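Protein chains in written order, with my numbering: chain A, 1 to 336; chain B, 1 to 336.
Just so you know, the hints here were simulated from the structure itself, not pulled from any lab data. Fair warning: this is a prediction, and the values are worked out from it, not measured in the lab. Honestly, I wouldn't trust all of these hints.
Pairs involving identical chains hold if they fit within one copy or between any two copies, as the list cannot separate such chains.
In silico BS3-like pairs for lysine-lysine, Cα to Cα no more than 30 Å straight-line [stated by the list, open to error]:
| id | residue 1 | residue 2 |
| --- | --- | --- |
| 1 | Lys139 | Lys63 |
| 2 | Lys139 | Lys59 |
| 3 | Lys223 | Lys168 |
Number of protein chains: 2
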Amino acid sequence: MKKTALLYVVLIAAFLAYVVQHVYTNSESERSFRSEELRGELGENYVMVTFLSGIEYWKSCLKGFEDAAEALNVSIEYRGATQYDAREQITVLEQIIAKKPAGIAISALDPTSLTGVIDKAVDAGIPVVLFDSGAPGSKAYSFLGTDNYAAGEAAADRMADLLGGKGKVAVVTLPSQQNHDERTQGFREAVAQSYPGMRVVAVEDDKGDAMVAKDLTEKLLDKYPDLAGVFVTEAAGGKGAGEAAGELEREEKLRVIAFDTDKDTLDMIREGSISATIAQGTWNMGYWSLQYLFHLHHDLTIPSPAASGDVSPLPVGVDTGISVVTPENVDDYYAK
Amino acid sequence: MKKTALLYVVLIAAFLAYVVQHVYTNSESERSFRSEELRGELGENYVMVTFLSGIEYWKSCLKGFEDAAEALNVSIEYRGATQYDAREQITVLEQIIAKKPAGIAISALDPTSLTGVIDKAVDAGIPVVLFDSGAPGSKAYSFLGTDNYAAGEAAADRMADLLGGKGKVAVVTLPSQQNHDERTQGFREAVAQSYPGMRVVAVEDDKGDAMVAKDLTEKLLDKYPDLAGVFVTEAAGGKGAGEAAGELEREEKLRVIAFDTDKDTLDMIREGSISATIAQGTWNMGYWSLQYLFHLHHDLTIPSPAASGDVSPLPVGVDTGISVVTPENVDDYYAK
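Turn these sequences into a full structure, and let the hints steer you where they fit.
Laid out in structure tokens, this is it:
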């Protein structure tokens, strides 16, 4: 009976020790959950908003946003205006603000139309960052996107490599949009400054249409039979120029450098009708947008988002970088 | 006796249940530790390296680095050349590379001297990012720092506010350093473009010395008795110009705008001898440097750091932003 009583006491003691340890472990992990780890809370929802929501370009931005959400244990939602229509994007944003999400990442259709609705979100305490296309006059905390001038320079360097530094080249672009103008300018100035054997003979407007781009390229070839290369600053036109190059019966290939990494463009790099394309850091735009929103929502920055004055709690501008896609590395760029 | 046996069984069952639950909980948290959360591993060590390691300026960069280390559960180390000596900084870096840390964040003493040793680290598989002062020709993955031209513009805007948009102003700077030249240029061009009532009458070299800056300011006041403001682009000189302004016996105050947030500068803003100073996003430089290194070390980026070509796994440039410190918000800037 004494032995049983002793066992009894030992078991009760062990039991109590486990209970105490368990409770202690739980409160410890809860504390570190709140103060140390980068882990979201239940129902913490972030929204990505674009225009032209159907286009392939946003997929990689969204993948970055999703990957960050998984790493940070939060949920996300993707919304977009289906058309190229500022009023539609404003309406979508109004609906999102009404639901008070933990943060919004926006690609602005143009630099000015969304300023009012962005400021409304920030004034309501909802963190906003901009990616891909900015709205410089708004209260958004940060802009993450491509340095388009540098992208144009990189295209010029690649073109010079392909042409051995000499020949006539043309640009096919969308002159009405700032990002495309910057790409054209970077290309032109790099050619003028670094490649005396090359000359930009024309800058044409393809209105973002592959058929127009094909037609324009053929007309350029009529006018300049020795045209050596075309830099197309937007995704749709690259395919058109690539088709024209593929159909060209001439000893010297027409070199086409395109923009972005749509599947069609990558396929044409494999086939050889497009020589290279400029890939943007789209995954990084989405990934770091969510990281920034998370840090704002959880007040993890110094200075705090709530600090007085025109203080910046986050980096204000992020150049997400570009890379040049060639036949050698094209396989790395197909969506995984 | 039956009752005792029953209690016995219940206790043993409860005990076993706790053991099982405890083991299960542990293996669960270990799984998520590895695959989902942004949590480092035992012995994962990152190093921050600067020059002039004793100066106050780095403290907030290091605080950001430390805060990110706590959030990501990794350890860090701070190393620096004590002098303004490139060879010393290279030697320190060689020692660090030999220890194979998980990543290195470097503020480069000048844009070119460290390129070889930075590339050596990257080639050895050690991620490197640069903060505050870059080395553009190196293989470092990213640069995080101030847009100094924009900082100069912000100083001009603040000066115009203080002076009601009119009066003679001077710049005291370090003309030999690129970041200081950019601040001066941003200030001059903003005044020329936006404030026709203001005029930059002099740009002087204080050699980074408070006494020289005080002396220069007094001489400028002799030459231009109606001098209304001085913008000092570096931390030491701001105090000198502030002292000259404090001792000036004149009805109209001489307005001094300084740079950085040393304790002395903040004290003089409280006292009124300095009107404002430009705060850099130093915490953000350190915080996001460590985040970037962590993401490179754990191969969390798309594209991967190991991808072919000149692919950029991270944003290549980060503008960490600035803010203007005034008597109204100066209390927020004392180190916490």
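Next item on the list: Any hints from earlier that this structure breaks? Give me their numbers in increasing order, please.
Entry: none
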